[in-house]
Amino acid sequence: MGQRRFLLALWKANLLAAMEYRGAFLSQIVGMALNNAIYFCFWLLFFDRFPSVRGWGVQEMLVLFGVAAGGFGLAVYLFGNAMRLAEVIAGGRLDYYLSLPRPALLHVLASRSVASGLGDFLYGCLSFALSGPDSVGEVLRFLLGVVLAAAVFLGFVVLVQSLAFWIGHAGLVGAQAVNALISFALYPLDLFDGTAKLVLFTLLPAAFMGAVPAEFVRSFTWEGLVQLTGAALVFLGLALAVFHRGLRRYESGSAIAVEV
Amino acid sequence: MRKTLAKYWAICRTQLVHSLSYPADLCSRSLTIALFLWIFAHLWEAAYQSAGQERIAGLSPRDTLWYLMIAEVIVLSRPRLSGAIAEGVKEGSIAYLLNRPYNFLLYQVGVGLGDSALRLAGNVLAGGAITWYLVGPPPDLGHWALVVPALAGAWAIDCCIGAMIGLLAFVAEEVSAFEWIYSKLTLILGGLLVPLDFFPVWLRDMAAHLPFAYIVYGPARAFVDPDLGRFLPLFAGQVCWLAALGGLLWLGYRRSVAHLNINGG
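So the protein sequences, as listed, match chains G and X. The first sequence begins at 1 in my numbering and counts up by one. The second sequence begins at 1 in my numbering and counts up by one.
Just so you know, the hints here were simulated from the structure itself, not pulled from any lab data. Since this is a predicted model, take the numbers as computed values, not measurements. Careful: at least some of the hints might be erroneous.
What the hints assert, rightly or not - Within a straight-line C-alpha distance of at most 20 Å, the following computed SDA-like cross-link-like pairs (lysine to any residue) qualify:
id : chain 1 : residue 1 : chain 2 : residue 2
1  : X       : K90       : X       : N103
2  : X       : K90       : G       : F50
3  : G       : K12       : G       : S111
4  : X       : K3        : X       : L134
5  : G       : K197      : X       : L20
6  : G       : K197      : X       : A46
7  : G       : K197      : G       : A177
8  : X       : K90       : G       : K12
9  : X       : K90       : G       : G2
10 : G       : K12       : G       : F25
11 : G       : K197      : X       : T32
12 : G       : K197      : X       : A34
13 : X       : K3        : X       : S19
14 : G       : K197      : X       : L35
15 : X       : K3        : X       : R13
16 : G       : K12       : G       : G2
17 : X       : K90       : G       : F25
18 : X       : K90       : X       : R255
19 : G       : K197      : X       : E45
20 : X       : K7        : X       : K90
21 : G       : K12       : G       : A24
22 : X       : K7        : X       : R100
23 : X       : K90       : G       : A177
24 : X       : K90       : G       : G23
25 : X       : K90       : G       : K197
26 : G       : K12       : G       : G23
27 : X       : K90       : G       : S111
28 : G       : K197      : X       : H42
29 : X       : K90       : G       : G55
30 : G       : K197      : G       : G55
31 : X       : K90       : G       : M19
32 : G       : K197      : X       : L134
33 : G       : K197      : X       : I39
Stated by the list, open to error - Listing some non-contacts, in silico: residues in chain G with all C-beta distances to chain X over 10 Å:
id : residue
34 : L7
35 : W11
36 : G31
37 : M83
38 : D95
39 : L98
40 : P101
Every residue gets a Cβ at the ideal spot worked out from N, C-alpha and C, and that includes glycine.
Generate coordinates for the entire structure from the input sequences, incorporating the hints supplied.
In structure tokens form, the structure reads like this:
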């Protein structure tokens, strides 16, 4: 209960801080939603020329985009510091979070919101709405799919960014890994063969951010639910374990830093 | 004139040497192009299979992948001016640069080109190697040397648009939204993901006349079909857009600098 209130307080503070620059905040949200909409034109043009590729068409891509953009947006809006975790670790700025009586990882992740993430999330919802959901169950599955995709994404980002405990400046590696994850998540899984699929379910869990939740949204299966929940738990668990293991190696930078 | 060029060449060279200090950065960026091309190879292989045709709109799968490789090289290696200019305006460091004996915009171009040169080499090597591995050698290298000035023209147009976006920081709090939208317009209307040849006719005819097509589609399409008849209209179009956008940029820059307020020290 205490952690939930703490999280809500952080998110409220982030929102209030963002609203101080209302114009920039809104332009980032609208700009990102528009950016995603323009990007989706690629698929409209593609499927205009090739109506169905390995069972995928515009409807399927709308759901896939909905779930991937929604999951990504939710994660970076609520836990925006995940993308900068390596920088925080390498810069010795974890001191501030470690000195407070709150879970350090949760605190550091939720201390920042990426405004454009809200644009991604809203676009994800719009994309799903355009796919024409035909039941309340599908809408509920979409919401669950977005949350689980966000959890997988967050777990993966924390994992790669935590490499900073061992290799120092892991920001670039982290950015490239996230770039690869998102790139693969936005394409139909059926394009790739056996070995690539294995990678997309394990080392680079793009399948759990795009194709698997999209399939789950379109038709409920227990197998899909177990796969998604399992992946979310495994990646969050691994992220927690690796971060706490890394904390043992953490050395303070003795830097004087002000966290607002 | 020679002295002026030497000044910007020195700026470009300094930035180039600076970029050389980050080989890991260069390698990881080169991996990005390899990753994209690998995904595209799978996507277009599936698309051609589903269509059951060996050539679509005059392009074979091999042509398409080489086209995408050049298009990606142009976009992933281009000088990124908007961010640097916007940052300078917001932080106020523009005041420091305006006092120097060089033109602020040309300084940014020099820095941008110095940054891009190594990225270009890395992307050509990595992109060329993986494309060759996936689909074989490029179609015809007959007029490949003409692709170089086409690429220079493409970057010049892109620099004008990027600099104008950067200068928007004088009037907008945040310019990243404009950057995203411009990059996506280049992606779609420039033909970065789908060659314009595959577009519906009405859209292709419209997109072919926009500057985005002269940045991406024109040079990339000329690479896979190196016909002189393709290069001449491409160069003519690039020159026209460059004159129009360059003029607009110059006006915008003069106006922005005239209204610049510098507070404190």
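Inset, instruction - Would you check the hint for K3 of chain X and S19 of chain X, treating anything up to 20 Å between C-alpha atoms as holding? - result: 24 Å, violated
Inset, instruction - Sort out whether G2 of chain G lies within 20 Å of K12 of chain G, counting only the CA atoms. - result: 15 Å, holds
Legend entry - Proposed proximity, S111 of chain G with K12 of chain G (alpha carbon, max 20 Å): Judged against 20 Å, a Cα distance of about 10 Å means the pair holds.
Legend entry - Satisfaction of hint between L20 of chain X and K197 of chain G, Cα-Cα up to 20 Å: With a Cα-Cα distance of about 36 Å, the restraint between K197 of chain G and L20 of chain X is violated, given a limit of 20 Å.
Legend entry - 20 Å Cα cutoff - pair K90 of chain X, M19 of chain G: 19 Å, holds
Inset, instruction - Below or equal to 20 Å on CA atoms is what counts here, so check K197 of chain G against T32 of chain X. - result: 19 Å, holds
Inset, instruction - Decide if the proposed pair is consistent with the structure: K90 of chain X and F50 of chain G, CA atoms, cutoff 20 Å inclusive. - result: It is violated: about 46 Å lies between the C-alpha atoms, which goes past 20 Å.
Inset, instruction - Sort out whether K197 of chain G lies within 20 Å of K90 of chain X, counting only the CA atoms. - result: 45 Å, violated
Inset, instruction - Verify the proposed pairing of K90 of chain X with N103 of chain X, using a straight-line Cα cut of 20 Å. - result: Answer holds: K90 of chain X to N103 of chain X is near 19 Å, not above 20 Å.
Legend entry - Restraint check for K197 of chain G with A34 of chain X, where alpha carbons must lie at most 20 Å apart: 18 Å, holds
Legend entry - Given pair status - G2 of chain G, K90 of chain X, alpha carbons within 20 Å: 40 Å, violated
Inset, instruction - Compare the distance between the alpha carbons of K7 of chain X and R100 of chain X with 20 Å, and conclude whether the hinted pair is satisfied. - result: Roughly 12 Å between the alpha carbons, so the hint for K7 of chain X and R100 of chain X holds.
Comparing the model with each earlier hint shows violations of hints 2, 4, 5, 8, 9, 13, 20, 23, 25, 27, 29, 36; every other hint is respected.
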